[in-house]
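Number of protein chains: 2
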Amino acid sequence: MTMKTIEIKNAWQGNSDCNACTIRSSALFAELNEEDFSKIHSPIDDLRIEANTGIYSQGESAEYLFTLREGFIKLLHLNSDGSERIVRLVMPGDLFGMEALLGEAYSHAASTLSNVHLCRIPKAIIASLGEESPRLHRQIVKKWGEALVQSESWFSEINTGRIEVRLARFLLRVAKSSGDIAVAPLFKREDMGLMMDVKFETISRALASMAEQGLISNISRLSIQIPSMENLKKFSQAGLNA
Amino acid sequence: MTMKTIEIKNAWQGNSDCNACTIRSSALFAELNEEDFSKIHSPIDDLRIEANTGIYSQGESAEYLFTLREGFIKLLHLNSDGSERIVRLVMPGDLFGMEALLGEAYSHAASTLSNVHLCRIPKAIIASLGEESPRLHRQIVKKWGEALVQSESWFSEINTGRIEVRLARFLLRVAKSSGDIAVAPLFKREDMGLMMDVKFETISRALASMAEQGLISNISRLSIQIPSMENLKKFSQAGLNA
DNA sequence: CGTTGGTTTGAAAGGACTCAAGAGGGGTGG
DNA sequence: CCACCCCTCTTGAGTCCTTTCAAACCAACG
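If you read the protein sequences in the order shown, they are chains G and P.
Per the numbering used here, the very first residue in the first sequence carries number 104; after that it's consecutive.
Per the numbering used here, the very first residue in the second sequence carries number 104; after that it's consecutive.
In case anyone wonders, no lab produced these hints; they're calculated from the structure.
Watch out, some of these pointers could steer you wrong.
Since the list can't tell identical chains apart, any single copy or any two copies may satisfy a pair.
[To be verified] Once the Cα atoms are required to be at most 16 Å apart in a straight line, the calculated EDC-like pairs of lysine to aspartate or glutamate come out as:
id : residue 1 : residue 2
1  : K302      : E153
2  : K142      : D120
3  : K245      : E207
4  : K337      : D184
5  : K245      : E163
6  : K226      : E153
7  : K336      : D184
8  : K302      : E134
9  : K337      : D148
10 : K291      : D184
11 : K245      : E267
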């Protein structure tokens, strides 16, 4: 598994204009006002990174935290025996790498599952701003909380029961209804296996089986279609198949 | 599974003297000074609760957060299909029920695995104190961070690989070396199964098998002994058995 | 075209689950 | 104090699901 690392020169898109950010309402700076923004001096970089690229690795000193704007990122925790698990799937609007706020090392590795667009925020900004802005502090606490809840419910739902059920819950979680039909992105089978604690062949088989049951259709490398969200939901809750 | 709920009248031990708390260094109020303490007016209750008692349930409005002083507590997340998982094992010094700080409902249920001793802190205290004490804010952020890291590494280590290996990692995590021999507490097999996503019979078999291999000894309902931490550690990392 | 990385599919082996019976411990009432 | 009950834990045998090892397939790319 070769893994590129970011080359900032190529990825750099300019400094962010956070004030005008399109996902600002869901991002870290949601509650900041003009005055708060005026206090930001260090540069917040706006990066685009291609799929399957490492952003940071576990144990590395945490200097930045990140907001994901577009795409998907996996957070990989590696165990003492060398095995690894995906402990969180970062979705647009989510913060990650918050260990930077604690002045610690990253407790997991982060890498891209798709092409992504993200903001990289130096920890110094938060430290200095945090002293003066209770609003930011509140927002940070909130984000930590969301991360924890996300992590725990992810953990509980994606890792309990038969794989087909777990996979169904996963698909419901990442699915996007664009108009009439719902589409769910897929990732490398290997990665999906790391999320649900099964081998990649098992993911492949589960997808095939669910397609046979009519729960999903149009399996391709990177996505599937969901003919009926209702059916899939029912399936994920009961596992009662035909 | 019958479950008592706290009866405060019986459990109440008096209001806490946080300033003199023995676990204060690791608890929420670690960094508060005299002045900060003087601002605390609402009562922080000091409770003792017996084993297998519910403290709060998922979805309940979060009015308090808790610090565990003694014993073990499980945080139970229940899925939409009714299945449930233990998402975190709370150990002495840990905070839980922090959803109260976000003004939300509890995202999981909490109940005792052993007799416990804990402090119950009304959310109002944090809200009012938080406005004025950046130290407390920093401490809260830190605690959130610890909870997240704990949750993720728990998730990754206790849920990856063969059960015997998972069980070994679990034991290492809860073991206490008192002098020469190390002892690890056990819980109801059912609960242990919910932590590692296996049936309770499987836990029972895994314990028996590990005893046969000499990795653990003196299996009883509530604890085991670990003859050699080294061996167990080696086992948990490689899974190479005899 | 041939190579390469990723995905699918097959068959056999292994681990966990289910159902079921039995053993151990603690508490209660006779 | 003993008998009995209930709850929990252990153990057994067969089934089901996931893994393992292999081989074939597919699409992208040089």
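Which hints, by number, does the structure contradict? 1, 5, 6, 8, 9, 10 and 11
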